[in-house]
Amino acid sequence: MKVRVKLVSLLRDAVNGEGEVVVEINGEKARLRDVLEKLYSTYPRLKKLVEGLGERGLGVVYMVNGQGAELDAEVRDGDLVAILPPASGGCSFE
Amino acid sequence: MKVRVKLVSLLRDAVNGEGEVVVEINGEKARLRDVLEKLYSTYPRLKKLVEGLGERGLGVVYMVNGQGAELDAEVRDGDLVAILPPASGGCSFE
Amino acid sequence: MSENKPIIRVGLSREPVSLDDVAARLARETNGFGAGSLVVFMGFVKGVVGGYKVYTLSYEAYEDVALKKMEEIAREEAAKWEKTYAIWLIHRIGSLKPGDPTIYVFVVAEPRHKAFELASRILDRVKHEVPIYKLEAREDGEYWILGDHTRVRRGEGLQEPEKR
Amino acid sequence: MSENKPIIRVGLSREPVSLDDVAARLARETNGFGAGSLVVFMGFVKGVVGGYKVYTLSYEAYEDVALKKMEEIAREEAAKWEKTYAIWLIHRIGSLKPGDPTIYVFVVAEPRHKAFELASRILDRVKHEVPIYKLEAREDGEYWILGDHTRVRRGEGLQEPEKR
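Protein chains in written order, with my numbering: chain A, 22 to 115; chain B, 22 to 115; chain C, 178 to 341; chain D, 178 to 341.
Some hints could be false.
Quick list of simulated restraints, FRET-style, between CB atoms [claimed, not checked]:
#1 D:333 x C:192: 50 to 58 Å
#2 C:240 x D:188: 52 to 60 Å
#3 D:258 x B:87: 51 to 59 Å
#4 A:86 x D:333: 30 to 38 Å
#5 D:301 x A:63: 32 to 40 Å
#6 B:52 x C:331: 49 to 57 Å
#7 B:66 x C:188: 32 to 40 Å
#8 A:86 x D:317: 36 to 44 Å
Simulated from the structure, these hints should not be mistaken for laboratory data.
All C-beta atoms in this analysis are idealised placements derived from N, C-alpha and C, irrespective of residue type, glycine included.
Can you build the whole structure from these sequences, using the hints too?
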């Protein structure tokens, strides 16, 4: 299965400026955490950034197909995942 | 001496729509109350209106040459008196 | 950077004012001081008041005193908050129709909540302290508006309109 | 008079918006319901931040979610106050220069202090809840802006700018 992952702001810089990257995983579905793990293995700098933001109280929000999602959410072939840092001028959006 | 009296809004209606009336008084100076008394003797409807407004908590403000003035203020030949009801959307201006 | 000295302008106008022109000018003249927040209040004539259709709302000002008082309000309010960059007040005079702008308050200040607070307070003061008078012509007659809530039927002593 | 159903509009725009067009349209469409108070907030790019000169401020949005969230905020806030007649939100995206408008909030509501209150609260919510991101290019480098106050130097992990 293939999942698109949308990245914005400084997270996009951490994947070489690509606004959208494709993550491939074996099987027909997966948990969001598996998608992220795969993504982070390709882009360790992205992982470090996301963790660093969390430590500063700037935790990211995950979305699957435009809806807020937890790490154990189910993700299927063709889904669109987004990793969103806090908005500029704000703290959270869900 | 001659004094001009400026009237606005419903007070102007009470002097037959004239925005400015001239009051003549013997002598070189007078108190504001004398000017008003003379004015009210010519326009008794104006007096009734001013009193009626006062009874409703809409007391008028007197000005001489653009400055707030009390009834015993001195008025001289050529001065401009104004009788101002409360502003529309307000209660007082001094 | 030179020191911030707030822009203060007041006016009475028979014509509508271009919000775009004023906004662009204020943004251009204040961004160099670190300003980024403009609050605008635009009042406009209501088409219906108390259930009655409004035809026109006519404004007259005791002009010299009105302008002096508007400028005084703007200066006093600007002085209360250091990061006030601009206050521009324009009141319309003349006969206006429903939907026509009646008053404009422009405030540039930081942070943004201060700009809202200033604009709101300035508007209240202008409405209460500046000698500007309204005559409302509506389907049930003509009314002078006095103070915050009083309507007096034109030409009939101090008779108030009937409630609908 | 038909029942008041508030006008709700949201948008992301690469171009500036005409305040005059929107204001005239809202005044025209709402005065018949008894509205007469429009509050506008226009944010614009600051020319100086933290003592450093700003060159550009670039906005990007996670567009679908941003629009959905803006509409949700407008609807929720309109529902909180019956005499809300219009809420119109537009956020700019793209690369902007000092003085350029960045965001527009239009609120028509009665009485006027409610219009100020609504505009202020909506603005706060848009800034906090809508996925829109800024990159600030200024004389000491390029910074991503995150959350309320955090600036992160572009391309260097999570390094913050030096205070001036």
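So the hint says 52 to 60 Å: do the beta-carbon atoms of residue 240 of chain C and residue 188 of chain D match that? Because 41 Å falls outside the window, the suggested range is violated.
Satisfaction of the hinted span 30 to 38 Å by the C-beta atoms belonging to residue 86 of chain A and residue 333 of chain D: holds, 33 Å
Taking the beta carbons of residue 301 of chain D and residue 63 of chain A, is their distance inside 32 to 40 Å? holds, 38 Å
Hint says 36 to 44 Å; check whether the CB-CB distance for residue 86 of chain A and residue 317 of chain D agrees. holds, 40 Å
Starting from the hint 50 to 58 Å, judge whether the C-beta atoms of residue 333 of chain D and residue 192 of chain C obey it. holds, 54 Å
Does the Cβ pair residue 258 of chain D, residue 87 of chain B satisfy 51 to 59 Å? The hinted range 51 to 59 Å is violated for residue 258 of chain D and residue 87 of chain B, with Cβ atoms some 41 Å apart.
Does the Cβ-Cβ separation between residue 52 of chain B and residue 331 of chain C fall within 49 to 57 Å? The hint (49 to 57 Å, Cβ to Cβ) is violated, given that residue 52 of chain B and residue 331 of chain C are roughly 32 Å apart.
Whether the CB-CB distance between residue 66 of chain B and residue 188 of chain C falls inside 32 to 40 Å: 35 Å Cβ-Cβ, so the 32 to 40 Å window holds.
The structure fails to meet hints 2, 3 and 6 from the earlier list, while all remaining hints are met.
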